[in-house]
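Engineer: Starting from the given sequences, assemble the full structure and let the hints guide the process.
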Amino acid sequence: MSRTRLSTYTAPPAEVARALDALRAQYEAPTAFPPEVLAEAEAAATAWAQDGPARLLADGARDARALDLVTIDPPGSMDLDQAVLLERLPAQTDHAGAPTRDAPGPAAAYRVHYAIASLATFVTPGGALDAELRRRGETIYAPDAATPLHPEVLSHGAASLLEDVDRPACLWTIDLDARGEVLSARVERALVRSRARLTYDQVQAAIDEAGSLPPSAPADLPGLLAEIGRLRLEREAARGGISMTTPEQVIEAAETGAAVTAGTREAAGTAGPDSPDASDGSSAPGGYRLAYRVPVPAEQFNAQISLLTGMCAARIMVECGVGILRTLPPARPEDYARLRRVAAALGIDWPAARPYPELVRGLDHAVPAHAAFMDQAMSLFRGSGYLAFGTGGVGVPADDEASDTEEAVHSAIAARYAHVTAPLRRLVDRYGEEVCIAACAGVPVPEWVLQALPDLPGVMEQTGRRARAIGRGALTALEALVLRGHEGEVFDGVITSERDGRGELVLAEPAVVTEIRAGRTTDDDEAGASGGDRLPVGERVRVRLLSTDPTAGIRFQLLQDHS
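First residue of the sequence shown: 1, per our numbering; consecutive thereafter.
For the record, the hints were derived by calculation from the structure and aren't laboratory data.
Possibly wrong hints are sitting among the right ones.
Stated by the list, open to error - Across the chosen pairs, the derived CB separations fall in these ranges:
1) ASP63 x ALA352: 55 to 63 Å
2) ALA25 x ALA345: 41 to 49 Å
3) ASP455 x ALA25: 21 to 29 Å
4) ALA17 x GLY383: 33 to 41 Å
5) VAL394 x ALA25: 34 to 42 Å
Don't be surprised by glycine CBs; every beta carbon is placed ideally from N, CA and C.
Structural biologist: This is the structure we're talking about:
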């Protein structure tokens, strides 16, 4: 089961709606789709329902409906981008059944089938829908409702990989050896049919042998997901990448306990760009509350399949000479030096010869000092973006990845990487998929893709900035609203970081993450206020709530008896 710490502090839904409406207006979030966009989407969905599968197969797509694919998503999700099937391949043997040893290179031990929603099937280049998608860029998730990238007739209907219906997909087939290394990867247009719509908790329960999957789902899926996921985590460690599983701040509907929006602090090196998305959001008459949630291992294993696909896509695009990569520059030496000082201050032993990823993997987020260090480590890598190449005058990255890590590698993943697995919720993925499909088929990349690539990094940066601002603003508003009426009360917490006299305060109950300042404030004339200039990073503290404001946030006062 998902491990959450629930809060009894609840924000009234009407106040939440008002705060979020103001936030969306402030950042000019898209509202309803224009009539011509809806008409185009409806026409595309209707055309698919009429004879779409037959037309897709007539155009040369593979009929892959025999594959026992399943989707794995948060409860209630309807925009289902990915469906997966994992297979253990039989060992190669001779006519007598003995293992063969004359095959060149390692033998394939696993096959990953990964179907990604084919949005190019529904979007006409240059049409009204295409233009609106570029304006939106990505789905914006908020507690009360999502601002979708695509009209729901597509994102929750014709283009979503819902169970027991025929859907167009970009079908990846990736073979791995016994160590989890990639031997081959290809993608093709296909007609697929998902067998079951699973949740992470269902799959985790099956991994733990505490539950079972529906009969329509492959019985060996949980075991293979854990097995391949662990192998890919080992490969990640070997190449110097890092995945941190830390508690995330989430907003939950008070009636159901379902997380309706995820925390906004993207941890460098986690499944970050493709981490499991929040559910679509729904009304919650009982209000909203905050919680800390630690993803179950099944989510981390599933994220490794997505990362694997993105790495294969990046390799295919570089080899064909055109595409778009997700990039993250390496941390600067001075940032590592600062992090070492933080470790020393927190009493964490970090020998000079111990690599940073190895250190982080050995930490326990339940230990306050470790949680404080991991919070600082998440900000070690900054400046993620996109690199479009092979068109618009930008050259192809060099074949030797070590020669251009500043430019074309995602440093936290420690490999080249591309966004291709979430096209229902992120604009750029549709273009990356089409480049890879063309490259694997040995045909030219579509002209509409080549024309759009040079502008995509800017489009994604602008729309992503808006989505992040709304996500942060939603958390700020919810923190104030759940604490309204509790001014003057004292809370327990931990200070996880400090810079220039400002620190991050994490409360245990309710699940609030906010700023606190060192030294005295205008409210510090009462007894018990801390008069020092240093914040006790990594220590448990007691703080008094001074004020709450959905726009400006909340203010706390550090009390002296924090030890």
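Engineer: So, for every hint listed, does it hold in this structure?
Structural biologist: Status of each hint after checking the structure:
no. : hint                       : in the structure
1   : ASP63 x ALA352: 55 to 63 Å : holds, 57 Å
2   : ALA25 x ALA345: 41 to 49 Å : holds, 42 Å
3   : ASP455 x ALA25: 21 to 29 Å : holds, 27 Å
4   : ALA17 x GLY383: 33 to 41 Å : holds, 35 Å
5   : VAL394 x ALA25: 34 to 42 Å : holds, 36 Å
Of the numbered hints given earlier, the model fails none.
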